[in-house]
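Chemist: The residues making up each chain are set out below.
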Amino acid sequence: MSDVADRVKKIVVEHLGVEADKVTEDASFIDDLGADSLDTVELVMAFEEEFGVEIPDDAAEKILTVKDAIGFIAANAKG
Amino acid sequence: MFDLTGMTALVTGATGGIGAAIARALAGQGARLALSGTSADKLAALAAELGGNHVTLPCNLADAGQVESLVPDAIAALGKLDILVNNAGITRDNLVMRMKDEEWHAVHQVNLEAAFRLARAASRPMMKARFGRIISITSVVGVTGNPGQANYAAAKAGLIGMSKALAQELASRGITVNCVAPGFIASPMTAALADAQTTALLARIPAGRLGDGDEVAAALVWLASREAGYVTGQTIHVNGGMAMP
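Protein chains in written order, with the working numbering: chain A, 1 to 79; chain B, 1001 to 1245.
No lab work stands behind these hints, which were simulated from the structure alone. Please read these numbers as outputs of a predicted model, since none were measured by experiment. Quick reminder that beta carbons are idealized off the backbone N, C-alpha and C, glycines included. Watch out, some of these pointers could steer you wrong.
[To be verified] Here chain A is said to cover these stretches of chain B; the calculated rule only asks that three of the stretch's residues, wherever they fall, bring their Cβ under 8 Å from a Cβ of chain A:
| # | stretch |
| --- | --- |
| 1 | 1022-1035 |
| 2 | 1163-1174 |
[As the list claims (entries may be wrong)] Here are the simulated lysine-lysine pairs, BS3-like style, with alpha carbons at most 30 Å apart:
| # | chain 1 | residue 1 | chain 2 | residue 2 |
| --- | --- | --- | --- | --- |
| 3 | A | Lys22 | A | Lys62 |
| 4 | B | Lys1080 | A | Lys9 |
| 5 | A | Lys9 | A | Lys22 |
| 6 | A | Lys67 | B | Lys1128 |
| 7 | A | Lys67 | A | Lys22 |
| 8 | A | Lys9 | B | Lys1128 |
| 9 | B | Lys1164 | A | Lys62 |
Starting from the given sequences, assemble the full structure and let the hints guide the process.
Modeler: As C-alpha cells, then:
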C-alpha cells in the first residue's frame, strides 16, 4: 500500500512538475496541483502504464485526488 | 525541408485519386505507411508500386468495430504512429428535399465519425510521444456549400470544426491538427462529368484548370512535417482560387 502511494506520488510529481511535499493524499490534481483536464488524462495513462491496470473512463472521472488514485490502484492493480 | 524519414503515417482512403497521391508523397519524403482502404487488392497494388516496407490494412470505415481497431493495428504494424491522414470520403449526392436519412448518415459515418474515432484513438499514443500530426482532407464545399451535397458539405465542415477543437486540446503536447481543403481535383469522379458540366466548373476556377492530386499532397506533406509544428487548427485551401475564405 505504501509502495503504491509512493509510486503514485512519484508519477504525480514527474507529470505535473510540482514539489513532492505538495503531493499530499488529500491534494486535488486540479484544485491543488494545477493540473488541467488533459493533465488528468495523462496521469491516468501513466498510472495504467506503471501499475499494469486498466482504468475505465467512468472510474477515471472519479479519480480527483491523490488518495483516489492510490485507492483505485490498490484495489485493482495486479502488481 | 519536410523530410519525413523515420516517421510513420496511417492514410485512409489510400487507393483513391487524392489518397494515392498523398501516399506517394508521404512515402517519397521517407515516411513508412499503413495504407487503408476497402479493397485489399488495390491496397496491395499501391504498396507494391511504392516499394519499401509499407503495410496494408483493409478497413470498412462504415463499420465502427473495424474503425476502432485500425489505429491499434497500424501501431502494431509500424511500431508507432506519427501522422494520421483522414482522407477517406464518400458521396451520396441528392437534393435535400429528396435526401434520405440513410444518405445523410452514410456520408457522416465515413467522412466524419470515422475521422473522429481515428483521431480519438491516435490522440493517446501521440500524447505520450509528445508529437503527432492529425490531418483531415475536407473540401472546398465544406466551406462554400454545394447544391446536392448537403450531407457531404456538412460532414466536411464538421471535420474543420472538429479539427479546430482537437487542435486546442492537443497543442500543448506537440500535436497539430489541421485540414487540407481541395477544390475540384482531376480524378475518376471529375472525369465522369459531362463536357458542359466541366466547362461550367472551369469558369468558376480562376486558375482555369482542375487541380492535381499531387498539389493536394504537397500541402499535406508540409503540414505533416516537423517544420509545420507551429501551424495548428488551420485549413489549407488547394483550389486554384475558386474560394478564398
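Chemist: All hints are to be evaluated individually against the structure, with a verdict given for each.
Modeler: Evaluation of the provided hints:
1. 1022-1035: Contact hint for the stretch 1022-1035 of chain B vs chain A: violated, 0 residues under 8 Å.
2. 1163-1174: Satisfied; 4 residues make the cut.
3. A:Lys22 <-> A:Lys62: holds, 21 Å
4. B:Lys1080 <-> A:Lys9: holds, 29 Å
5. A:Lys9 <-> A:Lys22: Satisfied, since the Cα-Cα distance of roughly 10 Å is no more than 30 Å.
6. A:Lys67 <-> B:Lys1128: holds, 24 Å
7. A:Lys67 <-> A:Lys22: With a Cα-Cα distance of about 13 Å, the restraint between lysine 67 of chain A and lysine 22 of chain A holds, given a limit of 30 Å.
8. A:Lys9 <-> B:Lys1128: holds, 19 Å
9. B:Lys1164 <-> A:Lys62: holds, 28 Å
Hint compliance for this structure: hint 1 is the single one not met.
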